[in-house]
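Peer 1: Here's the letter readout for the chains.
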Amino acid sequence: MQRENSQAATAIAIEGLTKDYGDVRAVDGLTLSISEAEVFGLLGPNGSGKTTTINCLTGILKPTSGTLRVGGFDVRTQGLEARRVTGVSPQETAVYSYLTGKENVELFGKLYSVRKGALEPRVNYVLEKVGLLEESGRRVGKYSGGMKRRVSIAMALVTDPKIVLLDEPTVGMDPQARRSVWDFILELRDEGKTIVLTTHYMEEADELCDQVGIIDHGKLIALGSPTDLKEKYHARDLEDVFIQLTGRRIREGA
Amino acid sequence: MNLAHALALAKKDWKRIFREPAFLFMIILFPVLLTVAFGTSFGAVGGSQASSLNLGMVALGGNSTSSTQFYHELQATGVLKIVSYSDNGTAQSALNQGRLQAVVLLPANFDETVQSFWANPTQPRTWTNSTLSIYLDKGSALTVQVIPSIVSQVLDQGILGAKPTNQALPISISAPSQVTVKGSTVFQSFAPGLFAFASIYMIMMVAQSFTGDRENGLLRRILVTPTTSTDVVAGSVISYLVIGLFQALLVFACVYALGYVPAGGAPALLVGFFIITVFALCNIGFGLITAAIAKSAGAATGISFIFLMPQLFLGTFVGSALSSTAQAAGRFLPAYYVTDALTTLWTRGAAVTSTAVVTDLAVVSVSSVVILLAGIQVFDRFGKS
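Sequence order for the protein chains is P and L. So in our numbering, spot 11 of the first sequence is number 11, and the numbers just go up one at a time. Convert by adding 1000 to the 1-based position in the second sequence; the result is the number in our numbering.
Among the clues, some could well be false.
To be verified - Straight-line Cα separation of at most 25 Å, BS3-like style, residue types lysine-lysine; simulated pairs:
no., chain 1, residue 1, chain 2, residue 2
1, P, Lys116, L, Lys1384
2, P, Lys116, P, Lys129
3, P, Lys148, L, Lys1081
4, L, Lys1384, L, Lys1011
5, P, Lys142, P, Lys129
6, P, Lys116, L, Lys1011
7, P, Lys62, P, Lys142
8, L, Lys1384, P, Lys62
9, P, Lys148, L, Lys1384
10, L, Lys1295, P, Lys62
11, L, Lys1015, P, Lys219
12, P, Lys219, P, Lys230
13, L, Lys1081, P, Lys142
14, P, Lys148, P, Lys129
15, P, Lys62, P, Lys230
16, L, Lys1081, P, Lys116
17, L, Lys1384, L, Lys1015
18, P, Lys162, P, Lys148
Claimed, not checked - In silico contact screen, one side only, chain P against chain L (beta carbon under 10 Å); selected entries:
no., residue
19, Asn55
20, Pro90
21, Leu99
22, Phe108
23, Gly109
24, Leu111
25, Gly117
26, Pro121
27, Asn124
28, Met155
29, Asp160
30, Lys162
31, Leu165
32, Gln176
33, Ser180
Bear in mind the hints are in silico, worked out from the structure with no lab data behind them. We treat Cβ as the ideally placed atom computed from N, Cα and C, and that holds for glycine.
Produce the entire structure from the sequences given, and follow the hints as far as they go.
Peer 2: The following block contains the structure:
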């Protein structure tokens, strides 16, 4: 599933990103470059700094130091422009339970200023892609956890963004739904979009990602394609690589 | 601010009102139930009158020995509370607004009349005659029946010292002018307070809405779109302004159905509804402050009572049953001025340009805008994450 992607332009550039919460350093001097039309997997144990990095990219968190450029826009000084080209599906299933699936997606289409004439077809398109078009007239409060997660992904994609940030996108989904989302992610990549995802499913990263970055204690400890990393660490799969690099000790926190 | 973003968010809030039972109850059902409960408990049947009679006294000739004596004699009856006014216009305004039940106008030559009487009590030809005028709240049967006779008695026996005979006296009392002042039942005096009472609960709704969205990650999610926090707050202001107006119309329909007919016609109704709508801004502001302080939607419910209870007890109809100190404290709360304005306009029938209404409108507008701006600032700084 991995794709040759040489000489691609940079979609996301992170330089020396550091984020402190009081005395705790969540991200420690992270430098990373993600190319256009690439699926990039940000992997790491709980509390390693993945979500903090995503939140810094969205502009929700202000970095302690370092610079972030998304779609060519400086997140700190051109935040609005950066947000216009980015779709985000956060770690928590942030959906309005009293709205229908369709209304949730429509609302975010309006917040991204999708043209009125283009909104309806786009909403239907993304709902179909996440397998929820038939159920889209029901209130989200009645959905299963996996269905809510799929609505959340549709909300991130309704604007047809150049860059998509997906924080653990397939948590709680059954194998069929997960496979459907994977296909959609690959389709998006083939359309030229850049996708950054965090996941705890190594199989998912192996299947989807062109490049993988493993971070631990806020630092980037490995970077490369899944194939390269498996070769380098003489591992059967990406999970072996992950365990070799981050150890077997169970981590607490998110 | 992006109006399309704000309207999209406002529309989402409106859907919530009709889809979430808790919101539907607090915004729609609660005001209706409250109004019906008060209306049936304190409606026209069995309504009571004011517990004391307030009489305004205007001495057109200025203060004199005779007018001062008249004042004290009236006060000594123990039935009336006398309020002295320097001009008739102010006294009439107070009567129109229901603060007085009657006004007594002492003629300019009142002192001269009394002096001439006492100089020659048995020589009517030497007296300087004059006429005393009385204006009464015709909606109060007690006032119409009692005040003219008390005034006459005090004048004849207290000031002129005459025995209750048919003896002629130099001061006559003109036929009392009866003024239309509404507000004769408890419900009619309480009805304006219901509008502020219902609207105040908006504090809790706004706070729960923002804290709930923050807890669920929705606020954060919205803020990673091109939507700004200004758009989010503007959406909330738009939605709750409309909700506030809708709520006011609902309460109005209920009180009207229960027999409360507001005075003043269309201008009074328009100004009244405008004041209630502006008051919604104040409640949105308090809601935002609550949301900034509260860590969760549950905590927001509790904290909202800090802003809710004083306004309920001191700023709505409940205030009229409280001590003078508590009522004075109510003057520091916007709800007090909303209730006062609606009572003045709709129950007492004062003109929309009357000093009381204009003052109330100014206080409600300024305080609501200030509280809203404070709420936006506090929420922007402390409430988003």
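Peer 1: Each of the hints needs a verdict: does it hold here or not?
Peer 2: Consistency of the hints with the structure:
{"no.": "1", "hint": "P:Lys116 - L:Lys1384", "in the structure": "violated, 29 Å"}
{"no.": "2", "hint": "P:Lys116 - P:Lys129", "in the structure": "holds, 21 Å"}
{"no.": "3", "hint": "P:Lys148 - L:Lys1081", "in the structure": "violated, 68 Å"}
{"no.": "4", "hint": "L:Lys1384 - L:Lys1011", "in the structure": "holds, 21 Å"}
{"no.": "5", "hint": "P:Lys142 - P:Lys129", "in the structure": "holds, 20 Å"}
{"no.": "6", "hint": "P:Lys116 - L:Lys1011", "in the structure": "holds, 16 Å"}
{"no.": "7", "hint": "P:Lys62 - P:Lys142", "in the structure": "violated, 36 Å"}
{"no.": "8", "hint": "L:Lys1384 - P:Lys62", "in the structure": "holds, 13 Å"}
{"no.": "9", "hint": "P:Lys148 - L:Lys1384", "in the structure": "holds, 23 Å"}
{"no.": "10", "hint": "L:Lys1295 - P:Lys62", "in the structure": "holds, 21 Å"}
{"no.": "11", "hint": "L:Lys1015 - P:Lys219", "in the structure": "violated, 45 Å"}
{"no.": "12", "hint": "P:Lys219 - P:Lys230", "in the structure": "holds, 20 Å"}
{"no.": "13", "hint": "L:Lys1081 - P:Lys142", "in the structure": "violated, 65 Å"}
{"no.": "14", "hint": "P:Lys148 - P:Lys129", "in the structure": "holds, 14 Å"}
{"no.": "15", "hint": "P:Lys62 - P:Lys230", "in the structure": "violated, 35 Å"}
{"no.": "16", "hint": "L:Lys1081 - P:Lys116", "in the structure": "violated, 67 Å"}
{"no.": "17", "hint": "L:Lys1384 - L:Lys1015", "in the structure": "holds, 23 Å"}
{"no.": "18", "hint": "P:Lys162 - P:Lys148", "in the structure": "holds, 23 Å"}
{"no.": "19", "hint": "Asn55", "in the structure": "holds, 8 Å"}
{"no.": "20", "hint": "Pro90", "in the structure": "holds, 6 Å"}
{"no.": "21", "hint": "Leu99", "in the structure": "holds, 6 Å"}
{"no.": "22", "hint": "Phe108", "in the structure": "holds, 7 Å"}
{"no.": "23", "hint": "Gly109", "in the structure": "holds, 9 Å"}
{"no.": "24", "hint": "Leu111", "in the structure": "holds, 4 Å"}
{"no.": "25", "hint": "Gly117", "in the structure": "violated, 14 Å"}
{"no.": "26", "hint": "Pro121", "in the structure": "violated, 18 Å"}
{"no.": "27", "hint": "Asn124", "in the structure": "violated, 18 Å"}
{"no.": "28", "hint": "Met155", "in the structure": "holds, 8 Å"}
{"no.": "29", "hint": "Asp160", "in the structure": "violated, 13 Å"}
{"no.": "30", "hint": "Lys162", "in the structure": "violated, 14 Å"}
{"no.": "31", "hint": "Leu165", "in the structure": "holds, 8 Å"}
{"no.": "32", "hint": "Gln176", "in the structure": "violated, 26 Å"}
{"no.": "33", "hint": "Ser180", "in the structure": "violated, 22 Å"}
Going down the numbered hints, you'll see the structure goes against 1, 3, 7, 11, 13, 15, 16, 25, 26, 27, 29, 30, 32, 33, while the others check out.
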